[in-house]
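Asker: Given next are the chains, with one letter for each unit.
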Amino acid sequence: MYRYNETDQRLVDDRVVQFRDQVARFLDGRLAEDEFRPLRLQNGLYIQRHAPMLRVAIPYGTLAAYQLRKLADIARRYDRGYGHFTTRSNIQFNWVRLEETPDILAELATVQMHAIQTSGNCIRNITTDQFAGVAADELFDPRPYCEIVRQWSTLAPEFLFLPRKFKIAIAGGEEDRAAVRFHDIGARARVAEDGRIGFQVFVGGGLGRTPMVGQCLKDFLPREELLNYFEAILRVYNRYGRRDNKYKARIKILVKDLTLDGFGKEVEDEWAWSRGGPGVIAEQTFDDMAAFFTRSDLPPADAADPVYVAALASNRAFARWVERNVAGHRDPGRAIVTLSLKKSGSPPGDATAEQMDGVAELAERFGAGEIRVSHEQNLVLPHVARRDLPALWEGARALGLATPNIGLLTDVVCCPGGDFCSLANARSIPVAAAVQQRFEDLDYQFDIGPLELNMSGCVNACGHHHIGHIGILGVDKNNEEYYQVTIGGREGSRAAIGKVIGPAFAAQQIPYVIQRLLEVYLALRHEGELFIDAVERLGLEPFKTRVYGGGA
Amino acid sequence: MSAAILKHGEIVADRWQPIAADARAAHIADAIAAGGPLLLPLPLWLERRAELEPQRAGVLLVAEDGLDAVLPWLDDIPLIAIHFPVFTDGRGYSLARLLRNRHGYHGELRAVGDVLRDQLYFLHRCGFDAFAMRADQAVEEARAAFADYSWAPLGGRGEGHGMSHNERVE
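If you read the protein sequences in the order shown, they are chains A and B. Each residue of the first sequence is one higher than the last, beginning at 43 in the numbering used here. Each residue of the second sequence is one higher than the last, beginning at 1038 in the numbering used here.
I should point out that these hints are in silico values taken from the structure, not numbers from a laboratory. Certain hints may be false.
As the list claims (entries may be wrong) - Below, simulated SDA-like cross-link-like pairs (lysine to any residue); rule was C-alpha separation at most 25 angstroms, straight line:
| hint | chain 1 | residue 1 | chain 2 | residue 2 |
| --- | --- | --- | --- | --- |
| 1 | A | LYS307 | B | ASP1155 |
| 2 | A | LYS290 | A | GLY250 |
| 3 | A | LYS207 | B | ASP1102 |
| 4 | A | LYS288 | B | ASP1102 |
| 5 | A | LYS298 | A | SER338 |
| 6 | A | LYS207 | B | ALA1172 |
| 7 | A | LYS290 | B | ASP1126 |
| 8 | A | LYS288 | A | ASN520 |
| 9 | A | LYS207 | B | ALA1100 |
| 10 | A | LYS207 | A | GLY123 |
| 11 | A | LYS207 | A | ASP339 |
| 12 | A | LYS385 | A | ASP373 |
| 13 | A | LYS541 | A | ASP485 |
| 14 | A | LYS288 | B | ILE1069 |
| 15 | A | LYS307 | A | ALA352 |
| 16 | A | LYS207 | B | ASP1151 |
| 17 | A | LYS207 | A | LYS290 |
| 18 | A | LYS298 | B | THR1125 |
| 19 | A | LYS290 | B | ILE1069 |
| 20 | A | LYS307 | B | GLY1103 |
Predicted model, so just to flag it, every value in this text is computed and none were measured.
Use the sequences and the hints to build the structure in full.
Answerer: Take a look at the structure:
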């Protein structure tokens, strides 16, 4: 994992001092509300329904055990004993006090963490594949590049007041597990025929009010030009993106207005100047960065370890958990374990301080002290020896984190919704809970197979409802909460935005609607066909007919 | 207009007389006859600069202005001011970076308009060396802003972002 050097540490320390001063000036009236707002947002601080919310950055979703312990400590001392992991692989504390936020940031700085640029109209936390560095299908590890981009984008002075927020994802796998085509900039690993390393660059993707799939701006960008090229994109956006209407201010609207070609020409013009210049990343930098992420300290592990093999054969519950929550590591003797934060009855993505401490301990005992946060709001231990899986499973069960539902219906992706967020039109957590309760039966879920259910409490789409195989969006109709249902959304190379099936439903109807959608799938699916593939093949009609009784 | 500005971290008197875009023709003529130094909005500067000594004609750009019109004269322009309509409008930061890094402008680069204490550090990093702050700002206190960070960001004024950490620290 990356370790701060003196420079990084000084930055976060200085930031704490600066923010403490800003909070003091705000509280004694020297800094006006409107002038404080962008400053606090760039430190992750929102004013919410019940209390301020603090969103802490987890760069590219990677945490060390000692950092997770600090998050648990903060949850206990400054919040109500829990935190919420988000779809940007950050963590939110929902009950902090404004006066205490400088102290929280100071605590975070002691473990190389901060809340910088987790909100505001600036470059947000860089995200990647939660299996980065361990996935078998990886072209190369994206994390060194994420770290390079993180350093460049952190307090990048030119880009702190963009027209709107700006999200970057970088993925290294054959399969895209970072939703790169739904980001303002998405970069996918590429290796050219001559062996040069680089990226395919997508631009203008995003969810929110106007969902769009990102378009390919550059088929192959050599890695040493990564920052020059990103800077060119950002500068064009900063100068020409719309600032008159915040709903039309994302880069996707600029790309649409200029057309991809027109936008590309502007970027090329900027890049022509910087290309090959001082912003080129030195080869040595790649080597130095890669060294941070290489794990040469892991002892050899046996793929057919007898303890593991015996447990698989004799314990059905364990085998089931392995089937859903354990993924292949590039080292066959190891596995990638996903700890489910989607246990029925607790809000998706929430973890208590005890669970965080418990996961930190499991990571230290079994996972080389490393934890990842997935954009599906689960926690991942990326380096578990197969022989340790039974013991890890027991440990995870004791913490309530071993629900074998990863990728299944009850692995609901969900924003905090109207229970916490002042932007939300509707609550999302109770609806997610009702769905989880209704479909708790594991045999049924396993029969349905992989299915992504995503839920957002408003059009800002923090729950990524557009890319759920089934998506649910909370809407407001005459001050009542209603829920619009989409199907057919997906991430990955066949990225698509879900289509609305018809008029919205009341909250209590949602489990029933999902039941109907699944009935159509079960009746019409081909052997081995996933729900999402069946939707693609069949189109909306049979689903609509079943849900609305033929009318709609 | 406040007569004091922050320049190179010091509070100094502003010797430039600003001319508004909608100033009366007679007023403009008088000011030009007096010889300046004048800070002129881009259209006026383009129209009247020949009537002044080059060293006495500064130009004021608004956020949506392009740079093409001033580029041929950069070596001679003593002052370019960039106007911030609101402090959250970041276009001026990119204009400054372009002027300094891409086009090699060496004269005074001044931020004017909604210029507040908490942005000074980052404006300075993009190449601004003078600041006409909003009238209600405590200018003396604001001088501390240039020391908000002991760290220097990547890709700041005149720097590459070659990722060598030694280069990042000034």
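Asker: Determine for every hint whether it applies to the structure shown.
Answerer: Right, here's what the structure says about each hint:
1. LYS307(A) - ASP1155(B): violated (35 angstroms)
2. LYS290(A) - GLY250(A): The given pair, whose Cα atoms are some 11 angstroms apart, holds under the 25 angstroms limit.
3. LYS207(A) - ASP1102(B): Holds, at roughly 23 angstroms.
4. LYS288(A) - ASP1102(B): holds (21 angstroms)
5. LYS298(A) - SER338(A): violated (46 angstroms)
6. LYS207(A) - ALA1172(B): violated (30 angstroms)
7. LYS290(A) - ASP1126(B): holds (15 angstroms)
8. LYS288(A) - ASN520(A): Satisfied, since the Cα-Cα distance of roughly 24 angstroms is no more than 25 angstroms.
9. LYS207(A) - ALA1100(B): holds (19 angstroms)
10. LYS207(A) - GLY123(A): violated (30 angstroms)
11. LYS207(A) - ASP339(A): Measuring from Cα to Cα gives roughly 39 angstroms; hence the hint is violated.
12. LYS385(A) - ASP373(A): violated (29 angstroms)
13. LYS541(A) - ASP485(A): violated (28 angstroms)
14. LYS288(A) - ILE1069(B): Status violated; Cα separation ~42 angstroms.
15. LYS307(A) - ALA352(A): violated (61 angstroms)
16. LYS207(A) - ASP1151(B): Given that 25 angstroms is the threshold and the Cα spacing comes to 21 angstroms, the pair holds.
17. LYS207(A) - LYS290(A): Within the cut-off at roughly 12 angstroms; holds.
18. LYS298(A) - THR1125(B): holds (24 angstroms)
19. LYS290(A) - ILE1069(B): The given pair, whose Cα atoms are some 43 angstroms apart, is violated under the 25 angstroms limit.
20. LYS307(A) - GLY1103(B): holds (17 angstroms)
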